[in-house]
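This is what each chain is made of:
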Amino acid sequence: MPMSIVCDGNEAAAWGVARAKPDMVAVYPITPQSSLAEYISQFVADGIIQADLMDVEGEHTVLSVLQGACLAGARTFTATCGQGLAFMFEPYFRTPPLRLPIVMSIVTRDGITPQCVWGGQQDAMTVKEVGWIQMYCEDVQEVMDTVIMAFKIAEHPDVMLPVNVCHDGNYLSYGVSKAEVPDQEDVDAFLGRKNTNWHVALDPERPMAVDPLTGGAGGAGPSMFVRYRKGLCKGMQNALRVITDVHADWARRFGRPWAPLVEEYRLEDAEYAIVTIGSMTGAAKDAVDEARGKGKRVGLIKFKTFRPFPLKAALSSLSKVKALGVVDRAVNFGWNCGPLYQEILAALYHLRECIPAISFIGGLAGSDLTVDKFNMVIEETEAVYRGKPGPTEPIWLNEKD
Amino acid sequence: MYEIRFHGRGGQGAVLASKILAKALADEGKFVKATPAFGFERRGAPVAAFLRFDDKEIRQFTNIYSPNCVICLDPTLPRTVDIFSGVPGDGVWVQCTKKSFEALSIPKVIKKVGICDGFRIALDVIGRPITNSVMLGAFAKTTGLVSLDSLFKAMKSVAFRDAALEKNMEAAARAFDETRSLDLSEV
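If you're matching them up, the sequences are chains A and B in order.
With the first sequence counted from 1, adding 131 to any position gets you the working numbering.
With the second sequence counted from 1, adding 102 to any position gets you the working numbering.
Source of the hints: derived by calculation from the structure; they are not laboratory data.
Some hints here could point you the wrong way.
Straight-line distance between alpha carbons at most 20 Å, and here's what the computed EDC-like set of lysine to aspartate or glutamate pairs gives [unchecked claim]:
#: 1; chain 1: A; residue 1: Lys427; chain 2: A; residue 2: Glu513
#: 2; chain 1: B; residue 1: Lys258; chain 2: A; residue 2: Glu421
#: 3; chain 1: A; residue 1: Lys152; chain 2: A; residue 2: Asp183
#: 4; chain 1: B; residue 1: Lys158; chain 2: A; residue 2: Asp420
#: 5; chain 1: B; residue 1: Lys243; chain 2: B; residue 2: Asp184
#: 6; chain 1: B; residue 1: Lys158; chain 2: A; residue 2: Glu421
#: 7; chain 1: B; residue 1: Lys132; chain 2: A; residue 2: Asp417
#: 8; chain 1: B; residue 1: Lys158; chain 2: A; residue 2: Asp342
#: 9; chain 1: B; residue 1: Lys255; chain 2: A; residue 2: Glu311
#: 10; chain 1: A; residue 1: Lys451; chain 2: A; residue 2: Asp503
#: 11; chain 1: A; residue 1: Lys152; chain 2: A; residue 2: Glu188
#: 12; chain 1: A; residue 1: Lys425; chain 2: A; residue 2: Asp400
#: 13; chain 1: B; residue 1: Lys258; chain 2: A; residue 2: Glu311
#: 14; chain 1: B; residue 1: Lys158; chain 2: A; residue 2: Glu311
#: 15; chain 1: B; residue 1: Lys132; chain 2: A; residue 2: Glu395
#: 16; chain 1: A; residue 1: Lys361; chain 2: A; residue 2: Glu395
Construct the complete structure from the given sequences, taking the supplied hints into account.
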């Protein structure tokens with residue numbers, strides 16, 4: 132029987148890790164990830180997780196240690212956020228081209244400066260371009276389920292890439308609700324025989340070179356370098372299919388059908404839609420229900436998978452409406468808008484049709500994205516749908532809180 | 103949907119109290135969502151925690167601005183924090199205090215008050231003025247929204263420091279016995 136518990140998102144992630152049976156876990160605590168590191172340490176101490184736990188001196192070492200472990204064939208997990216992720220960046224952006232299927236939770240936190248220890252997706256959004264798969268969770272149960280699924284996605288022979296399972300710092304890390312811990316034998320059957328790293332495995336009996344010096348302008352360098360890059364791009368594109376298949380398999384086995392790439396909520400017959408990512412989506416769905424109750428034809432499009440960007444799934448949803456309000460929990464300083472918003476604009480180009488879209492930025496540094504905020508988002512989006520010129524700058528939802 | 107806001111000071115266990123109550127209510131078949139307020143977490147500073155429960159699934163993970171019930175773990179906190187902020191009316195107030203009903207200033211939005219000398223009970227039973235378990239007992243008595251048994255069961259599933267589980271259960275039970283409530287709609 133699955134175990135029914137009431138827990139926060141960090142504990143849910145730790146249960147997911149436990150059920151996935153990693154061989155090695157390395158952690159360094161940082162708010163709001165710390166209790167996740169503590170749960171994992173407790174689980175190791177209690178024998179719930181039978182893995183080597185490395186308490187190392189910082190995040191750079193955390194990921195370096197796991198790269199070694201993964202190269203030796205181990206299933207590995209870690210978690211970090213914010214400045215810890217920044218400190219980890221050197222090994223972080225080597226992990227995808229090494230094709231190491233490491234799973235790492237990012238308990239998303241806003242960036243400093245100014246000093247801030249609270250939630251926001253600035254950290255994860257800042258590292259979105261280096262080849263990690265990124266999935267963003269909406270609630271506590273989805274965190275647990277996605278951590279388990281992440282191993283199957285990462286280790287799939289057509290993918291072989293590291294995965295970030297992102298859950299919002301504060302609202303999801305400390306937010307408590309009911310969750311169900313699946314049975315070990317069911318997860319074992321779901322994940323199958325462990326074959327974490329079949330393509331490179333450090334084995335003294337079979338010495339091999341990993342990570343060659345290559346590139347340059349002559350000899351085998353240029354073509355080999357391109358081969359590495361194209362291989363990574365292909366793995367990312369393959370991941371879209373694998374993520375979809377793995378979610379479908381999960382739904383069949385465990386009865387929880389999470390949308391793998393993009394979720395549509397009340398989008399049928401919608402005239403316009405709001406676009407969300409992460410834990411804000413619950414309040415946004417409540418606001419959509421309220422608006423629907425008043426006769427407004429609004430829907431919602433939620434992005435779970437953000438990297439690789441699920442272009443086809445996104446277009447299928449975006450093409451159903453005539454105006455968009457995109458809500459981000461991070462800032463794209465380069466484009467003066469939210470990062471998800473900018474991606475949506477890039478996707479819309481493929482529709483050969485220009486539909487109005489507004490960038491909303493909210494929930495920064497732990498601020499609250501309430502149903503009222505989404506009521507406002509719906510109102511503004513409806514206004515541009517009805518022909519009002521859209522703002523040329525982002526609307527900052529918590530500016531007057 | 104029923105919304106509860108806990109007020110306390112850092113170290114009194116308001117966040118843990120919200121988690122215990124969430125577990126107890128879930129055990130009674132409710133859907134729950136609880137989340138702490140995010141502020142500067144330090145001993146003695148005002149803190150808050152939020153809890154929603156309902157018979158149907160709750161989706162929003164947000165703070166609570168118009169609670170049905172306010173549980174205050176600290177006798178001096180109402181002097182510095184507006185614990186009644188946003189209470190829309192017909193509110194329930196569960197307060198840790200040694201004062202009598204007559205000595206309290208009860209705002210118009212409150213229709214039911216439960217009081218309990220939580221500091222004394224906590225000092226007697228636990229030996230420290232940590233009032234979270236005590237005030238859960240007071241909440242159960244005042245509102246009848248959760249049973250003492252469910253609270254005990256929930257307490258058993260969380261990690262109390264210094265193996266203080268038995269004492270916390272005893273403190274909650276004593277608070278349940280000693281809490282007095284005043285229904286203002288009957289006055």
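Structure-based check of all given hints:
Restraint check for A:Lys427 and A:Glu513: satisfied, since their Cα atoms lie roughly 9 Å apart, inside the 20 Å limit. About 39 Å separates the Cα atoms of B:Lys258 and A:Glu421, which puts this hinted pair outside 20 Å; it is violated. About 11 Å separates the Cα atoms of A:Lys152 and A:Asp183, which keeps this hinted pair within 20 Å; it holds. The straight-line distance between the Cα atoms of B:Lys158 and A:Asp420 is roughly 15 Å, inside the 20 Å bound, and the hint therefore holds.
Between B:Lys243 and B:Asp184 the alpha-carbon distance is near 24 Å, which puts this suggested pair outside the 20 Å criterion. Restraint check: the Cα-Cα separation between B:Lys158 and A:Glu421 comes to about 16 Å, which is no more than 20 Å; the hinted pair holds. Taking the CA atoms of B:Lys132 and A:Asp417, the gap is near 19 Å; set against the 20 Å cutoff, the hint holds. Proximity of B:Lys158 to A:Asp342 is assessed by CA-CA distance (about 53 Å); at most 20 Å being required, the pair is judged violated.
A distance of roughly 18 Å separates the Cα atoms of B:Lys255 and A:Glu311; the hinted pair therefore holds under the 20 Å criterion. The hinted pair formed by A:Lys451 and A:Asp503 fails the criterion: a straight-line CA distance of about 25 Å is larger than 20 Å. For the suggested pair A:Lys152 and A:Glu188, the alpha carbons sit about 24 Å apart, so the restraint of at most 20 Å is broken. In summary, the hint linking A:Lys425 to A:Asp400 is supported, as the alpha carbons are separated by about 15 Å, within the 20 Å threshold.
The suggested pairing of B:Lys258 with A:Glu311 holds, with an alpha-carbon distance near 19 Å, which does not exceed 20 Å. Of the supplied pair hints, the one linking B:Lys158 and A:Glu311 holds, its CA atoms being roughly 17 Å apart against a limit of 20 Å. Taken as a hint, the B:Lys132 and A:Glu395 pair is broken in the structure, with Cα atoms around 27 Å apart against an allowance of 20 Å. Annotation: proposed proximity of A:Lys361 to A:Glu395 is violated, straight-line Cα distance about 31 Å (limit 20 Å).
The structure fails to meet hints 2, 5, 8, 10, 11, 15 and 16 from the earlier list, while all remaining hints are met.
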